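**Q** Just need the whole structure built from these sequences, with the hints factored in.
Chain residues, written in single-letter form:
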Amino acid sequence: MATVRANATGLLAQSLFQGRYLLAAAFLIAFTLLVPAPYIITVVKSFATIWRDTWWPEKTGFQAYEFAWILTDVPRVLGNSLLIALLATLISTLIALPTAWALAKRPLRFRLLIITLLLLPRLMPPLAFAVGTARLFYDLNLIDTHIGVALAHVTVLAPYSILLITAAFAGIDDRLLEAGRVCGAKGYHLFLYIILPMAAPGILASMVFIFAFSYNELELSMLTYGPATQTLTVEAFNNIAEGFLDVAAAVSVILSIPAILILLLLQRWIRPERLTGGFKGN
Amino acid sequence: MQLAGDGEATHKATTWSREWRLPDGVGTFLLLLPGLVFFVVLFVLPATTAVTRSFTDRETDSFSWVNFQTFLGDANGWGILGYTLGLATAATLVAALISLPLAEILRHRPPGNRFFRLLIISPLLLPGIVNAFGLYLLFERWGWFNKFLVDVVPFISTPWEITNTTPGLIFFYAIVLFPFTAINALAAMEAIDPSLEEAAAVSGAGPWLRFRHVILPGAARGIIAGSIMTFVMCFGALSIPLILGGELARNILSFEVYRNAVVFGKWELASAIAVIMGLVQLIAIGAYLALAQGSFARGAVEREAG
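Chains as they are written, first to last, in our numbering: chain A, 1 to 282; chain B, 1 to 306.
Keep in mind that the hints were calculated from the coordinates and are not lab data.
One should not assume that every hint holds.
Label pairs and their computed distance ranges (CB to CB) [as the list claims (entries may be wrong)]:
1. B/Gly112 with A/Pro107: 44 to 50 Å
2. B/Leu93 with A/Ala25: 22 to 28 Å
3. B/Pro110 with A/Phe67: 42 to 48 Å
4. B/Ala201 with A/Arg106: 39 to 45 Å
5. B/Leu93 with A/Ala185: 49 to 55 Å
6. B/Val26 with A/Phe191: 34 to 40 Å
7. B/Ala290 with A/Val43: 43 to 49 Å
None of the values given here were measured: they were computed from a predicted structure.
For each residue, glycine too, the CB sits at the ideal point set by N, CA and C.
**A** Structure, rendered in structure tokens:
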């Protein structure tokens, strides 16, 4: 019985594969329509002043942007977002550089254990420990400081940095290091003139990625922000929660512009599978 | 390595700076130190704080189980836990259903291949909240999708309820978070030695058989790794249920943590829910890995035997 059913599904799948070019085209078209559509409709919504149940707004204008400017002090909030993302990127990278070198090039006991531990914050939902982060930062007076919000982001971002930079270091050929040593390069010379230039593309790519992740972060920001450290994501969220959908759309568009620039910049050199792998992955 | 050692030995006599070196083990430890300090200060300490607070009675400031009892007893905690797990599991499966055909198509590098790859990574790099908000505008009662159903598709005259429904939420989670599965599946499929597929083709296997018996088993590890990440993200996502869930958000763990902490200021109860969330996540990942490895091992044995 089981084999009969297996054969039937096999036949069905086989016939689907026969018409595969048509199916593939239909699938790709649906995919292409669906994935960018949310962003497109957000842009349209941000320019709509009157839009009830028609395909296109009845009246368009810049009203939502004017309100957004009045309600949320966009330059300051954007500044907060960028500053926090910059701090988080620098701290994550500084943590990751030595750690990644040890993971990539040093003989290590308990390597798997260390890697698993370092990646654990990435495998936990942020909210599972963010409550503790908020409490701890409150005691340390880090709530509503730029460095505090950035440090909260580092908790989830440093594992990504470590993963990406380890891959960058692992790609350096050991023979080059030997050659450098033979020619008399000492520690920091070796680092400055051989290791850094070779690993630079990978390190830079990781930094841009971390920057984008921190810029987009919502959960940890919400538990550590305050009046002085509102970020654009938090503002977008607050506007949605209060039902100001037009303003939320305008803030969302402003929020997306740097992210889109980063996306276009990155797609040339990044290997995204490094970012998304579980610890059993590549 | 051997070479460097020899070099050092001969140099030792001439260059004095070489003699003063840290033992290798200590050096490695120092290199790992920033990472370990990070792990302890930013992860272990907050996690411990959350655990301690979850066992603290708000009134008396002493040890008690009361927060867990409140959540699991009075507040329908088991129901919330089950609903969240079910939702995350279903969304992970749907994400795999989107990702596997996508990866299978894109690994043959069809025209426009680069553009489609850009589309796959875009939800990762663009703000998740904008994606969720856009999906709300798109699928609400009078959004473009329902407009399309009512105006274009024959025999449908009333808009569908998609936001604020469970099937809708499963779809929204999957469409926002599928890139974790898709990217890994694609990378794993492309890492398979092409000669294996050629061998299968020469032996007469059609595209379906090649996909089923060469590509799928070969890429299984990558697919699983990606699915784990998708599951993790689904389990912890906040902006999706907040924006697209309506009343259903009350059935989702991450929303309950957020609501109790930020809205009501009940940090002890929120900590208890967070601890449950973390524990379940650990168990789920462990079980998934064990299950996956077990089934692979069995599959391999059967292949050997048969």
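**Q** Now tell me, hint by hint, if it's right for this structure.
**A** Hint check:
| no. | hint | in the structure |
| --- | --- | --- |
| 1 | B/Gly112 with A/Pro107: 44 to 50 Å | holds (46 Å) |
| 2 | B/Leu93 with A/Ala25: 22 to 28 Å | holds (25 Å) |
| 3 | B/Pro110 with A/Phe67: 42 to 48 Å | holds (44 Å) |
| 4 | B/Ala201 with A/Arg106: 39 to 45 Å | holds (44 Å) |
| 5 | B/Leu93 with A/Ala185: 49 to 55 Å | holds (53 Å) |
| 6 | B/Val26 with A/Phe191: 34 to 40 Å | violated (18 Å) |
| 7 | B/Ala290 with A/Val43: 43 to 49 Å | holds (46 Å) |
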